[in-house]
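Participant: Residues per chain, in single letters:
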Amino acid sequence: KDGAILVQSTTSTANSGLYDYLLPMFQDKTGIRVNVVAVGTGQAIKNATNCDGDVLLVHAKPAEEAFVAEGGGVARTDLMYNDFVIVGPADDPAGVGGMTDVEAALDKIAGSGALFASRGDDSGTHKKERALWAEAGIDPTTASGGWYRETGSGMGATLNTGIGMGAYVMTDRATWISFANKQDYEIQVQGDEDLFNQYGVILVNPEKCPSVNAEGGQAFIDWLLSAEGQAAIADYRVAEQQLFFPNAPQ
Amino acid sequence: MQDFGEAVGMAVSLVASGDGDLIEIVLLSLRVSLTATALSCVVGLLLGAVLAVTRFRGRQAVIVAVNALMGLPPVVVGLLVYLHLSRAGPLGFLGLLYTPTAMIIAQTLLITPIVTALSRQVLEDLHSEYAEQFRSFCLSRGQIVRALLWDARYSLLTVALAGFGRAIAEVGAVIIVGGNIDHLTRVMTTAIALETSKGDLALALALGLVLMAIALAVNVVVQGVRLTAVRHAYA
Amino acid sequence: MQDFGEAVGMAVSLVASGDGDLIEIVLLSLRVSLTATALSCVVGLLLGAVLAVTRFRGRQAVIVAVNALMGLPPVVVGLLVYLHLSRAGPLGFLGLLYTPTAMIIAQTLLITPIVTALSRQVLEDLHSEYAEQFRSFCLSRGQIVRALLWDARYSLLTVALAGFGRAIAEVGAVIIVGGNIDHLTRVMTTAIALETSKGDLALALALGLVLMAIALAVNVVVQGVRLTAVRHAYA
Amino acid sequence: MAAPAAASGPSLVPLKVRGLGLALGGKQLISGLDLTIGGQGITMVMGPNGAGKSLLLRLLHGLIAPSAGRICWGGHPMSASVTRRQALVFQKPVLLRRSVAANVDFVLRARKGDARQRDALLDRVGLSDKAGQAARLLSGGEQQRVALARALATGPEVLLLDEPTASLDPTSVHLFESIIRDTARQGVRVIFVSHDVGQARRMADDVVFLHRGRVVEHKPAKGFFDQPDTELARAHLAGRLVM
Amino acid sequence: MAAPAAASGPSLVPLKVRGLGLALGGKQLISGLDLTIGGQGITMVMGPNGAGKSLLLRLLHGLIAPSAGRICWGGHPMSASVTRRQALVFQKPVLLRRSVAANVDFVLRARKGDARQRDALLDRVGLSDKAGQAARLLSGGEQQRVALARALATGPEVLLLDEPTASLDPTSVHLFESIIRDTARQGVRVIFVSHDVGQARRMADDVVFLHRGRVVEHKPAKGFFDQPDTELARAHLAGRLVM
Ligand SMILES: Nc1ncnc2c1ncn2[C@@H]1O[C@H](COP(=O)(O)OP(=O)(O)OP(=O)(O)O)[C@@H](O)[C@H]1O
Ligand SMILES: Nc1ncnc2c1ncn2[C@@H]1O[C@H](COP(=O)(O)OP(=O)(O)OP(=O)(O)O)[C@@H](O)[C@H]1O
Ligand SMILES: [Mg+2]
Ligand SMILES: [Mg+2]
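Protein chains in written order, with this note's numbering: chain A, 9 to 258; chain B, 838 to 1072; chain C, 838 to 1072; chain D, 117 to 359; chain E, 117 to 359.
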């Protein structure tokens, strides 16, 4: 147990199976065991603020930067990205299939009366979704409980719920590809630059939190950002699709 | 730990503010869990009584199974109900998924075994005293069951409260079949889970305190009824 | 609904395969929940017995409070334990967060009120018969408590099983204080929650069935012990 | 009072018991017990503590199944419908956690008796003024009264009484004896367990003397008391039966 | 058998009861009861069902608190330490869900008595051969024996007996009477409730006659039985007391 490090992570990376792929490689190389706690982004940051973790790996850039600014973390580094997509039932009641302009697609969904399931949990994904609605000039919360359904849950749970009620859902691609309960759902909207989804990695500040395993944590971050780690991220595939695209600054 | 102090203050001001959203959530929690408790008492007390008074081959096995079902995980109950009520499921046409009704169904399934197992034990203990006298009176099974339920009613209240406690505290099943949809199916526990995942632990705890206050209020009412009734009753 | 058939098959082959990861998770679940049940029986049965036999001002209030605490939401317990054990918390120096010990603590807190409330009722019912005789014997409170616990032991087993059921099925508390860390703190219920969030409902259900099988096994063992003991015992 | 439901089929007497045996908890408590009770009247069952008197009443009432032998009531083998036509006053009254009145009402309702009988029944056993009281808070003797009232409420053809006057005061003993004699006179067959030799002399038409689960003697009362056949019975009546 | 623990302080007699009152459930069950019991011997308490005999024993034993008046045992007001020096055999024996032997052991252990007394006690009440049996499956009379054995196991200075022979066979009644007489002779003060007039004549040194929660008469036995002062007592003894 000694020497092991604890990563506070979002559920999306954990649920995609990325860690199951990466961690054995890292451990083989360094002998350091990595334990992952996968929770909502907000809870992950809160846990890290309470010093309950060595590394933070989430996707909510403004919140991450605030965390570092307040002294919770040493520094934030871009790690990888993927993108968000909007999935919907095959019969596509709002007729958004194939659209690449996400604001237009949201506008159409809002106008059609078709259901839209939002995470509603203040997570990175949820924040992104709200920003997109704002850009589309729509305030869906006025329809909360109507066609706009805020599930207040993680990505997987929101997908289960959305699919259960036939609602459109915005999800990160990694979660979607590895999601097993797709039923008749398909990706309807993708490819807009606005759907970009950046992941960052932060070492929890050992000055503020003396219990932090700074050495191990830094080793893990260094490995992730190294050419080897980045290549490993790029190599991870589910259903023959790449889930994450490494973009650490070289 | 400052969160805890913060939570207490927040809980008080939440309650004091009479926030409309909170009231909505509280009322839905009560509606769902009280209905589920009532339904599972109807079924569970009867089943428990029948198990307590009848002797049949395999009875021990049934008792073991019911006791084991007290360990039914809420998530599993949620999934089973979800699979039945989902659009692809056999009862999908009812359109019940993500409604309070679905949540009531799930909680009822979850706590019926608890009420059954515990009331079986309570009633069997009482029946060990009454059994021969009842057989002498040649009572029908229905008469025996009714007499036991009536004479053990004060002890059974505690059983019902255990069921209610499980229901009102439960999150795994209602979040799957209810979806924690704001203004539709959000209850106290799913709201707490949400605030927790947001990292707003103080608010989550504050909601938890409110929930405990509600549970306490229900228990006070029940105890009040019990004491009033006992005053006119027969040891 | 095909998921359900799939789940049954999957559960069978999971168990048959003797998968090492599954065994690890099962053993941890059992270790955590059995330990928590044992601890809460030590505390809860004693408290329940003391509440059953003593009369003091405010006793009714304590009983109502304990009954209400049966409705303690696991997430709230998880948060409270988290806030204490977190590095930033008062007991953070112990380094217990995200360990099985933390999970045991959380589950113990969760089920102790259940064991207390239910055993209080069972023992009070028995005590109503014994009370005068015991007072005539001038027993100390400790002697009374011990005698009641012993004479009610078969009924109290059902109470303990209710506590165990709540513990083994519980996910909200252990996931917060345990973190559902693979190979460290992953138990059956957190694994089920994980598979559910991955959308692998069949696997989630299969794990749920395995969990039920475990609960059943525990209950079979307990019932076996009970029946063997009753055969040598006194009505 | 409920008149015996004589209309409900052929009579339950004579009672014929053949080769009755009962083993419980690995012990042979009753063995090879033969007994024939016919006609009308009151049969007293006597015998030392632990002889098996209460077990015999339970067997005759169908509450426990014998491990050997047969019990026939008027040609009917033991069955629920035979039980229904009898009433048993237990040695320890088992009262419901209800009022005295509710205890009687319970039986009247369960047996579809006439609800208006209740007050008459309570009056007859001297409990009119306790109707509203919690039955389980009654004194020992008062509890036995409730038990008798309930038994009468079923309108039995056979009345099995297990030491029903053990806790009664002398006046009430006489009252009960006269109630029971009246009941017997109306055609109800009474089988009565008692340790009270004086009572047995006053009440019995015939006496069954049990010892260690066997019928040692069964004789008309006069003969039994004046000239018991066995040394056991003689010693019992004299209060010097050594175990 | 446990000899009375006479060493444990000044004697509990005389008993003085002054103005004793008890109200339960809104009913005045005992009122203005005065009673003085001194010296040695056996005091019989008699009276009709519901007179308050069992309640009086409970009050004298400190199990319930009076609503008026005082009880003094040898100058000590009622207290736990007085209760500890007494034993009460209840009208309905309350047996633990254990074996006969364990029921006696329980008391011996609780009162730090000598564990080796158990077999002697069981032998004395005629239960040696039932030591291993479940106490609650015993016959009525056997249960009363266990209750007496347990009471003797506490080595009391005062023995309160509530109809302890009501379910016993004639031989055992004699056995119990001689045990109780022996115990009284060893200096234990015995207060004995019974409905059995014959027994009272055999045993009593003095008689307290209770009626409706009041002491109607308290006289030496001979005087009470031959020449009761009151019509009530006369009627009671004759079995013709009308309520
Ligand atoms: N379930 C049982 N298991 C073992 N022994 C039993 C059981 N029930 C009764 N006995 C024993 O059977 C014997 C006869 O019991 P029963 O109650 O018939 O006695 P009884 O003749 O009615 O005595 P009493 O005059 O004391 O009432 C007793 O010794 C009792 O201990
Ligand atoms: N808790 C109570 N509440 C109300 N009434 C009670 C309570 N306890 C006893 N009584 C009544 O008090 C009266 C006296 O009871 P007690 O048991 O002392 O009678 P007793 O003289 O022992 O009669 P018995 O000869 O039948 O044993 C009875 O009428 C009984 O119904
Ligand atoms: Mg008997
Ligand atoms: Mg009495």
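One or more of the hints may lead you astray.
Unchecked claim - Derived DSBU-like pairs (lysine-lysine); straight-line CA-CA distance at most 30 Å: (1) Lys-132(D) x Lys-143(D); (2) Lys-208(D) x Lys-143(E); (3) Lys-37(A) x Lys-190(A); (4) Lys-132(E) x Lys-208(D); (5) Lys-335(D) x Lys-208(D); (6) Lys-208(E) x Lys-132(E); (7) Lys-135(A) x Lys-37(A); (8) Lys-208(E) x Lys-143(D); (9) Lys-143(D) x Lys-208(D).
Claimed, not checked - One-sided excerpt, in silico: chain A residues whose CB lies under 7 Å from chain B: (10) Glu-111; (11) Ser-152; (12) Glu-158; (13) Gly-160; (14) Thr-169; (15) Lys-216.
Read the hints as simulated data drawn from the structure, not as lab findings.
Glycine is no exception: its CB is placed at the ideal position from the N, C-alpha and C atoms.
Participant: Compare the structure with each hint and give your call.
Facilitator: Comparing the hints with the structure gives:
no.	hint	result
1	Lys-132(D) x Lys-143(D)	24 Å, holds
2	Lys-208(D) x Lys-143(E)	26 Å, holds
3	Lys-37(A) x Lys-190(A)	36 Å, violated
4	Lys-132(E) x Lys-208(D)	34 Å, violated
5	Lys-335(D) x Lys-208(D)	28 Å, holds
6	Lys-208(E) x Lys-132(E)	27 Å, holds
7	Lys-135(A) x Lys-37(A)	36 Å, violated
8	Lys-208(E) x Lys-143(D)	26 Å, holds
9	Lys-143(D) x Lys-208(D)	23 Å, holds
10	Glu-111	23 Å, violated
11	Ser-152	5 Å, holds
12	Glu-158	4 Å, holds
13	Gly-160	4 Å, holds
14	Thr-169	4 Å, holds
15	Lys-216	16 Å, violated
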